[in-house]
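Going by UniProt numbering, the letters in the sequence shown line up with residues 1 to 236, in that order.
It is possible that part of the hints are untrue.
[As the list claims (entries may be wrong)] Beta-carbon label-pair distances, calculated as ranges: (1) Thr146 / Leu117: 38 to 48 angstroms; (2) Val212 / Leu144: 12 to 22 angstroms; (3) Pro20 / Ile148: 43 to 53 angstroms.
I should point out that these hints are in silico values taken from the structure, not numbers from a laboratory. Fair warning: this is a prediction, and the values are worked out from it, not measured in the lab. All C-beta atoms in this analysis are idealised placements derived from N, C-alpha and C, irrespective of residue type, glycine included.
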Amino acid sequence: MNALFAFLAPFRGLARVFDPGLRGLVIGPLLINIGVIIGVGVAAGFGFEILLDTWLPAGWDWLAWLLWPLFVLTLLVGFGVSAVALAAIIASPFSGPLAYRTARGLGHEPRQPARSLAGEMGHATATALRKFGYYALLFIPVLLITVIPGINLLASLAWFVFGSWVLAVEFQEPPLANDGLTFAEIRKGLGRRRPETLAFGAGTTLLAMVPVVNLLLVPAAVIGATHLWARQQSRG
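Based on the provided sequences and hints, a complete structural model is requested.
Here it is as structure tokens:
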């Protein structure tokens, strides 16, 4: 039941994105989310066009029509998750206040006082460096699975699990940090609740693959993660 609640949490957050009490704090993450996803999508599209022009022999242009659907599928899975994760990191200074107000609306008073915008930017910068190092370590085994023949049959599953975990950590960090937890403590806590963490990440990853919906995902996932954290705290 806890894992199911965690899986549905980002969907619950999506339903609350335009709540009047949260609307002012949603605008920042929302605009960043939209800008990054559109930018990554356009860049990927141009890059794929150049790749086709370079690799396809003359007279084989018809094959591009077959390859484009495969590219779109890859874009939805790989670039969708990557773009949302990047947008979440950039939007971190806005995510803390959004999680703070969401928690208070749910009856959970964060243990840390609200930070100023400068304080949020400082916290986001320091935490981003730790996140990049952590994600890089997680990426190494996924890369090995992808390139080793035979084992790479598991690559799709490995990438999905990797994406789910990264998004779970990324979006659950703001509400937990508002309660005074360091990034190291957050990692350990999420590791102890691995089924719920992966379930939340899986729900978020699925939404990241859905066009238009993924434009709203950064604020939605922050709100959903705060719901999940507030529920866990109320249940002890």
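Hint by hint, here is what the structure shows:
1. Thr146 / Leu117: 38 to 48 angstroms: 40 angstroms, holds
2. Val212 / Leu144: 12 to 22 angstroms: About 35 angstroms separates the Cβ atoms of Val212 and Leu144, which means 12 to 22 angstroms is violated.
3. Pro20 / Ile148: 43 to 53 angstroms: 52 angstroms, holds
In this structure, the one hint that does not hold is number 2.
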